[in-house]
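**Q** Spelled out, the chains give:
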Amino acid sequence: MTEAELILQKALVGSGRLDSSQWNQIQAGFRNRAFFSSRVAEVNILAAMRDKVREYSEGGKDLSKIRMEFRKELETLKYSPKPGEEGTIHDLFSQARIDVIIKTNVAQARGYMQYAEGMSPGAFAAFPAQEFTRIAHRRNQREDWPQRWAKAGGKTYGGKMIALKDDPVWERLSVFGNPFPPFDWGSGMGVLDVDRKTAIQLGLVSDEELRGKTAALREKPLPDFNRDMQATVPNLRSDSLCGKILKREFGDQVVIENNVVHWQDNLIRDVLAGRINKARLGRTTPEALKKMTGKLPQEDVDAFKSMNPSFNRTTFQQHAAKHYGKNEKRLKTNIPLEDADYDLMPAVWHNPDTIYPGNDHGAIFEMQTFDGNYLQLAVNAIKGFSSYYKTKIPLGAAPGNSSFIP
Amino acid sequence: MHLTIKIPPAQLRDVLPSERELAQAAGRGVSNIVKRRLVERDRRGRSDGLPRTGYYGDAASGVTTEMSGKTALITIHKEGVALHYYGGVVYPTDGHKALAIPKVAAVAGKRPAEADPDRTKFALVWPKGKTTGTLRDKETDEVVYLLVPKATIPEDKTILPTEDEMFEAGKSAMEAIL
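Note that the protein sequences, when read in sequence, are chains A and B. 20 is the number of the first residue of the first sequence in the numbering used here; add one for each residue after it. 166 is the number of the first residue of the second sequence in the numbering used here; add one for each residue after it.
Just so you know, the hints here were simulated from the structure itself, not pulled from any lab data. The beta-carbon is built from N, C-alpha and C at its ideal position, and this holds for glycine as well. Hints are supplied without guarantee of correctness; some may be wrong.
The calculated label-pair distances, taken between Cβ atoms and stated as ranges, are [claimed, not checked]:
no.	chain 1	residue 1	chain 2	residue 2	range
1	B	341	A	94	52 to 62 Å
2	B	248	A	277	46 to 56 Å
3	B	315	A	80	15 to 25 Å
Kindly produce the complete structure, drawing on both the sequences and the hints.
**A** In structure tokens:
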């Protein structure tokens with residue numbers, strides 16, 4: 020799996036009002052699998068960011084070009100920084116912010132890849148330890164790493180910060196809670212392997228212990244970066260502040276049980292692929308209800324307020340066959356839905372830009388995407404979700420100019 | 166005389182690493198020496214006086230080893246590393262007539278279109294008959310970018326270890342686990 024694929028698998032998670040320090044409190048196992056940016060709630064902006072991170076990781080475009088393209092997409096999405104935050108790290112147009120987003124995500128994907136390779140049985144047996152050291156120059160380098168290393172329980176050998184690869188010191192050292200670089204935002208610190216002979220000479224491990232550890236790695240390889248979408252968070256309860264924040268931001272995509280957060284990743288893709296029968300996306304938001312008030316009959320607004328609709332593959336396909344199956348013209352103007360579009364469907368339900376009234380208790384929830392197109396989710400106040408479209412023109416500008424793609 | 170000793174595969178596995186594990190060790194050994202060389206290069210800094218960007222360090226962070234059966238493929242995920250290693254000529258693309266080489270720290274790592282999106286800050290100076298031009302700061306007349314029709318990057322094999330060094334690194338890693 021390439022780093023670009025790792026990045027694309029990350030679930031889009033609007034962080035709402037959480038800032039990076041609050042995110043740091045949430046365990047890495049969960050956050051690694053989510054694509055987020057501090058205080059960015061708009062999932063369509065996150066989708067644009069994720070796409071740019073993927074492009075950068077694939078090479079071929081320099082960071083300057085990526086930044087310019089991303090700024091254009093932000094303009095398309097009508098983003099503007101809050102008054103007083105222009106040019107600061109909170110401003111998504113700023114170079115500093117874009118660089119942090121892109122470099123941190125790429126660095127984490129690369130850090131994980133190097134870590135996973137180093138924990139393969141053969142690589143671990145030959146290089147069981149690593150030295151914490153500066154890998155890349157940074158203009159403003161942190162000087163307190165030796166203190167942080169000691170505080171995390173790390174030991175030094177001849178002035179070098181060295182530990183076994185499976186030592187918990189690495190996770191304690193990282194503000195992200197990861198055992199791999201980067202260990203802090205924008206940090207140029209990283210790791211260099213230490214060979215078997217040196218690790219044994221330093222007394223970090225014995226030859227016999229190494230055989231045991233290597234055998235254990237053969238039996239139980241590392242989980243994939245994006246697989247088991249769950250993380251243990253100490254003292255986490257559904258009714259705790261952290262639990263409430265998670266539920267508020269993620270809705271039914273998270274389940275909290277016994278201090279473990281379970282993430283239902285890529286729900287829509289899973290339904291369409293037949294991996295699960297249906298998915299509930301939770302209730303829509305007060306912001307969405309405000310947008311429909313006055314446009315839709317009040318009884319429908321009340322129905323939308325209380326409904327927790329499920330997404331069902333069969334219903335979608337039947338709807339497509341009934342309404343668009345024979346409409347060649349519309350099928351030709353379809354914009355194919357891609358994985359990222361399916362990832363955005365919960366966001367269209369929760370935070371649409373516009374809601375249009377439809378026929379027979381129906382409504383269209385619409386959200387603009389960073390590529391200048393529009394996602395439209397048809398929802399019926401009685402029956403629930405019925406279809407999902409992608410069009411070039413917003414419904415308000417050209418009613419009916421959309422077509423469904425099953 | 167022939168002597169045949171049969172060891173059940175499960176027991177053999179406990180004693181000897183598999184071929185795949187040997188390849189993992191060798192691959193890691195090679196990627197380690199590549200990574201270390203790039204880190205050393207990063208520590209040397211730049212010769213053009215512009216701020217250091219951590220380019221080679223970032224390249225070191227992008228060294229990965231991909232296993233395919235018994236083969237390990239080492240990749241450096243960083244744009245431009247191959248160009249520096251092999252050398253070559255860079256031409257402008259996307260319809261541009263010249264390459265813009267940053268000459269001051271404020272625009273390092275930025276294209277002119279990003280540094281001056283409204284085209285109000287820089288003035289184009291390209292004397293007739295000359296092959297190079299400049300973008301100058303309108304207020305200070307300082308040269309901000311040098312504009313050239315092409316740039317020749319010299320071959321620099323020292324950014325990576327030699328093939329012999331890589332072979333030795335892979336061999337040593339395998340020997341360590343045998």
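**Q** Which numbered conditions among the earlier hints are violated in the structure presented, ordered from lowest to highest?
**A** Checked against the structure, no hint fails, so every one of them is satisfied.
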